[in-house]
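**Student:** Sequence:
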Amino acid sequence: MRHRNVKGAYEILQLHPKVVHNPSKLKGKWHSHFQNDGPIMIEIGMGKGQFITELAKENPHINYIGFEKFTSIMAKALEKIDEQEPLHNLIVIREDAENLLDLFEEGEIEGIYLNFSDPWPKERHIKRRLTSKTFLEKYAVILKAGSHLIFKTDNKGLFEFSLEQINDSGYEVLAMTYDLHGSSYVQGNIMTEYEKKFVAAGMNIHMVRFQVKPHVKI
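Counting from 1, one number per residue, gives the positions in the sequence shown under our numbering.
Derived by calculation from the structure, the hints in this document are not laboratory data. It should be emphasised that the depicted structure is a prediction, and the values quoted were computed from it without experimental measurement. Worth double-checking, as some hints may not be accurate.
[Said to hold, decoys possible] Here are the computed lysine-lysine pairs in the PhoX-like style, where the Cα-Cα straight-line distance is at most 25 Å:
#1 K156 / K197
#2 K213 / K48
#3 K80 / K69
#4 K69 / K197
#5 K29 / K69
#6 K196 / K213
#7 K7 / K57
#8 K122 / K80
#9 K138 / K156
#10 K76 / K18
#11 K197 / K48
#12 K29 / K144
[What the hints assert, rightly or not] DEER-style ranges, computed between Cβ atoms:
#13 G146 / G28: 27 to 37 Å
#14 H33 / Q84: 27 to 37 Å
#15 R209 / E106: 21 to 31 Å
#16 G202 / N36: 39 to 49 Å
#17 Q84 / Q35: 12 to 22 Å
#18 E160 / R124: 33 to 43 Å
#19 K213 / E79: 17 to 27 Å
#20 H88 / K122: 33 to 43 Å
#21 E160 / Q35: 38 to 48 Å
#22 H88 / K27: 18 to 28 Å
The beta-carbon is built from N, C-alpha and C at its ideal position, and this holds for glycine as well.
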């Protein structure tokens, strides 16, 4: 997927106070960075930031970290954040999810959101999918036992692949639907930019919420 470049994006990231540089130095110390003991949750692939910004506004007692690896997209997300009242419980990092184990200690995170992740349709790219067993094993390390993960997508093939991987990785499925907006699970749902477009076009949104178990280790 190609992304439109934002002029001066790199400089925006370098100077913005919400961006944490060298996040690996905070491994095991994220609560100190937030200056509280509240739960820490992450969104991997935050896009333009609408979802995580709304989440942080609605839950001031929870700390949020937004992941985005594309500089221009992250610059757009920072614009969205700047439109809000100061959100002291939200920071962002430009990182690849492959590096999760370098960033967080075991059990340091209490929730993960995966929204409309890249489906990586080619067979040789399966391990790049954020719901592949490769990533699910990493999540199991950084998540506190009993923590939830929520995955949403419009891609039925990716969704069914994800359900298989979740089952094979020893997680417990707590809720699942092929039509989020036609189900009771939609209550309290925050829509992403993509989700709004898909729903407006009459497309079904698939959702699964699942839980890490104590015995699941990488």
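**Student:** Has the given pair, K122 with K80, been kept, meaning a C-alpha gap of at most 25 Å?
**Tutor:** violated, 33 Å
**Student:** Quick one, are K7 and K57 close enough, alpha carbons at most 25 Å?
**Tutor:** Distance of about 28 Å is beyond 25 Å: violated.
**Student:** Hey, K80 versus K69, does the alpha-carbon distance stay inside 25 Å?
**Tutor:** holds, 17 Å
**Student:** Under the criterion that the straight-line Cα-Cα distance not exceed 25 Å, is the pair K138, K156 satisfied?
**Tutor:** holds, 24 Å
**Student:** Looking only at beta-carbon atoms, does the pair G146, G28 fall within the given range of 27 to 37 Å?
**Tutor:** violated, 20 Å
**Student:** Has the given pair, K197 with K48, been kept, meaning a C-alpha gap of at most 25 Å?
**Tutor:** holds, 14 Å
**Student:** Take a look at whether the Cβ-Cβ distance between E160 and Q35 falls inside 38 to 48 Å.
**Tutor:** This hint holds: roughly 42 Å between Cβ atoms.
**Student:** Starting from K29, check that the Cα of K144 is at most 25 Å away, please.
**Tutor:** The given pair, whose Cα atoms are some 15 Å apart, holds under the 25 Å limit.
**Student:** Holds or violated: K156 and K197, Cα atoms, limit 25 Å.
**Tutor:** holds, 17 Å
**Student:** Is the hinted range of 12 to 22 Å satisfied by the C-beta distance from Q84 to Q35?
**Tutor:** holds, 19 Å
**Student:** Can you confirm whether the C-alpha distance between K69 and K197 stays at or below 25 Å?
**Tutor:** holds, 23 Å
**Student:** Using the beta carbons of K213 and E79, state whether their distance is inside 17 to 27 Å or not.
**Tutor:** violated, 39 Å
In summary, the numbered hints that this structure violates are 2, 6, 7, 8, 13, 14, 18, 19.
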